Every structure is written in C-alpha cells, then in structure tokens.
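Colleague: Working from the sequences, and respecting the hints, build out all of it.
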Amino acid sequence: ANRNGVEFMDAIAAGADDEVAANFKKILEKQGIEFKMGAKVISATRNDSDGVDVVIEGRDGGEQERVQTDVVLVSVGRVPYTKDLGLAEVGVELDDRGRVKIDEHFKTNIPSIRAVGDVVAGPMLAHKGEEEGIAAVENMVNPAAGHINYNAIPSVIYTHPEVAWVGKTEQQLKAEGVKYKIGKFPFQANSRARTVDDFYPEEFCKVLTDAETDIILGAHIINGTAGELIAEFCVALEYQASAEDIGRTCHPHPCLSEALKESCMSAYDKPIHS
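Numbers 1 to 274, taken from the numbering used here, label the letters of the sequence shown in order.
Cβ pair distances, simulated, as ranges: (1) R46 with H251: 49 to 55 Å; (2) P111 with D18: 42 to 48 Å; (3) R248 with T195: 23 to 29 Å; (4) A231 with G61: 43 to 49 Å; (5) E138 with Y158: 26 to 32 Å.
By construction, these hints were calculated from the structure, which means they are not laboratory data. Quick caveat, the model's predicted, so the values are computed rather than measured. Glycine residues also receive a C-beta, built at the ideal position from the N, C-alpha and C atoms.
Modeller: Below, the structure is given as structure tokens:
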C-alpha cells in the first residue's frame, strides 16, 4: 500500500535536531513512506469506495493534486482545552492562544486557582504536566519549594525506531552563539543492537556539550528504545553532568546504553568502539 506524508514545513519532526530529523526521514522513506514537503491538505472527503479523497497543494498555493487513500491520520498539533471550564465566570485570564496565564508558582490571576499541564504555556506532554502538578502542590506549602527545569523535559516520537531528545538542538546552539562540541556514536557499532539485529544504519546517539566546560547541553537519539534511553541524559541535564561524567560511568555490556557512554566519550575524547 502507498503511504504518503504531507508536511507543511521543509523538515519533519518539528523541534528535533536537524541532523536527527534528516536521518529519521531517511528511515521512514525506507519503510515506504513518501513525503510531500512544503505542502498542505486543502480537503479530505469520504468517497463512495469507503476511502478518502484528499486534495493537496503547495504551501504557497499552486497546482492541486488529488490523492485517494484508505485512511487519513491528522497530526497537526493540539490546542489547549480551556472552553466550558467556567474560567470566564471566575475571571481567570487567558493569553492570545487560549492558554491560562500563570506566574512562576503556577498561580493564575485568581490567587486560589493554579493551573498546570496542557492548559498553560509549554509543550503539551503528560510528563511535563505531571511535574508541574507536583511543583504546584509543593509551592502551596512552600513558595520556594517547587521547581522545574524545562530544559530537562524530554520529547519522544513513538514510532519504530523511536526518536528522543532533551535539551538544546544543534541549530539552537548556533543561533545562540554557544560554542559546543559534538559526540556521536552509531548503533550499528553497538553489540546489543547488532545481536538483536533490529536497527537502521541511520540510528545514532548524539550529545552536544559546552566547548569549554564539557557540560552536556543536549542529547538526541534515534533507536527502537530511544524513549527509554533518553532518561539518562535527562538526569545529566538536571544535575549539570559533563560528558566525561557519563563516559567514565560503568554501563552494562552488552546493552544499548553503551552507545550513550560512547557518544559522550566521543565528545570529550574518543570512543572505544567506532
């Protein structure tokens, strides 16, 4: 069956590191997905054959293309659900995108009401909302207690393979003028990945570190278990670990997590296996 992905932007996986997004696209294309980049869907209509007629055109207009498909999966982001919650009746202020306005302690303009999760600014992720909820309750007891490092909130694309990242991307560091180093390690050089024989050559672990201090600034993984592996780098960012800290920590063998160790070794020196 033909599988088409229509992407409005020039790259898939919004928010991901550019190199990671490019490799991810190559993998999906190997799986048979054909991408139409810089394009948009004008309409999708159920037809008499129990399928869907989809009309596509370029992002800036132009000639339209009609595609017949069995199923349409719409994935264009989300909006905060703040309607019909009685917020207007009690006077809770919203921003121009319909999100609840809060201060650093998650308080709204009504002192007795706090807000967290998908109704406030930030990524609409369950784990982000969970941490905000804990911090908000802690702040009720002690205003200085609750704290969240939003730079250490991970993102995961739950496909196969998975894509996961935390912290800064390479393009963000360039835009901010930060001097950085890159450490990378391919999963095809990892013994566990080769043993289970479930990897693509494009899969890798990439770590970005401060060029002077070696502090880890961001980490990016493409692998079938990337969503699990990224947690180690979340801890690293939360406690300002260096690449050498991870590189000198013993990891079990054979395990996929060794690729994280080796990518860090690559950042401050060189990996053992490559």
